[in-house]
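*Asks:* Sequence:
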Amino acid sequence: MDLTFKVDEKEIFNVRAAAIIKCNNYYLISKREDKDYYSVVGGRIAFNEDSKAAILREIKEELNWDIDSKDAKLVRIIENFFIYSDNVRFHEYFFVYLIDIQTPDWQIEDFINLENPRMHMEWYNKENYLQLNIKPSILKDILTDDSFKHLIIKE
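Residue numbers (our numbering): 920 to 1074.
Misleading hints may appear alongside valid ones.
Restraint-style ranges between C-beta atoms, simulated for each label pair [unchecked claim]:
#1 ILE931 / LYS989: 32 to 38 angstroms
#2 ASP990 / ASN1052: 25 to 31 angstroms
#3 SER1056 / ASN944: 28 to 34 angstroms
#4 TYR956 / ASP1065: 19 to 25 angstroms
#5 ILE1072 / LEU1033: 27 to 33 angstroms
#6 ILE1031 / PHE1067: 19 to 25 angstroms
#7 ARG1008 / ILE1031: 17 to 23 angstroms
#8 VAL926 / ASP987: 33 to 39 angstroms
#9 LYS954 / LYS925: 19 to 25 angstroms
#10 ILE1031 / ILE1071: 16 to 22 angstroms
If you're looking for bench data, these hints aren't it; they were derived computationally from the structure.
Note that beta-carbon positions come from the ideal geometry of N, C-alpha and C, so glycine has one too.
Using the sequences and the accompanying hints, generate a full structural model.
*Replies:* Printed below as a string of structure tokens:
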């Protein structure tokens, strides 16, 4: 059971894990065909699952990659308050990991997400990545400062 609770018709509480994945100075990002913004790999944390296990599971489900847990560095805990479509208010705890794949022969190619064929997985160098419309936009800061931070964002 995912840690998502509908408080009422217009309020939702979420607990999510996500990853910024870097390889050979390129960063992986996802773009859904029906959205005007990009997002990082990740998803909801399940009941009785820690955030690191959740992001490793999400990477396996979405990309079919096996990532060693020691390669996932927690860089942000974000308490995110925002309004989404139809004026639905979200209160979200967001655990963000940085994963730096240290394999020189890794293939840097765009591909389709295994769980959602409308989700395109794309690689960008740092300069181009920083120009993308990424939500939440605060995630871009990790590319220049990957020290641990706890943030509270109220939009």
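*Asks:* Could you check the hint for me, namely that LYS954 and LYS925 are 19 to 25 angstroms apart, CB to CB?
*Replies:* Because 22 angstroms falls inside the window, the suggested range holds.
*Asks:* The hint says 16 to 22 angstroms between ILE1031 and ILE1071; measuring C-beta to C-beta, is that right?
*Replies:* For ILE1071 against ILE1031, whose Cβ atoms are near 35 angstroms apart, the range 16 to 22 angstroms is violated.
*Asks:* With respect to the beta-carbon atoms only, verify the hint that VAL926 and ASP987 lie 33 to 39 angstroms apart.
*Replies:* holds (37 angstroms)
*Asks:* Does the Cβ distance between ILE931 and LYS989 fall inside 32 to 38 angstroms?
*Replies:* For ILE931 and LYS989 the Cβ distance comes to about 33 angstroms; the hint holds.
*Asks:* 17 to 23 angstroms was suggested as the range; check whether the CB atoms of ARG1008 and ILE1031 agree with it.
*Replies:* violated (32 angstroms)
*Asks:* Starting from the hint 19 to 25 angstroms, judge whether the C-beta atoms of TYR956 and ASP1065 obey it.
*Replies:* Given range 19 to 25 angstroms: holds, Cβ gap about 22 angstroms.
*Asks:* Falls inside 25 to 31 angstroms, the C-beta gap from ASP990 to ASN1052?
*Replies:* The hinted range 25 to 31 angstroms holds for ASP990 and ASN1052, with Cβ atoms some 28 angstroms apart.
*Asks:* When you take the CB atoms of ILE1072 and LEU1033, is the distance between them in 27 to 33 angstroms?
*Replies:* holds (30 angstroms)
*Asks:* For the hint 28 to 34 angstroms, verify it against the beta carbon of SER1056 and that of ASN944.
*Replies:* Between SER1056 and ASN944, where Cβ atoms are some 21 angstroms apart, the hint is violated.
*Asks:* With respect to the beta-carbon atoms only, verify the hint that ILE1031 and PHE1067 lie 19 to 25 angstroms apart.
*Replies:* Check failed, 33 angstroms falls outside 19 to 25 angstroms.
Of the hints listed earlier, those the structure fails to meet are numbers 3, 6, 7, 10, in rising order.
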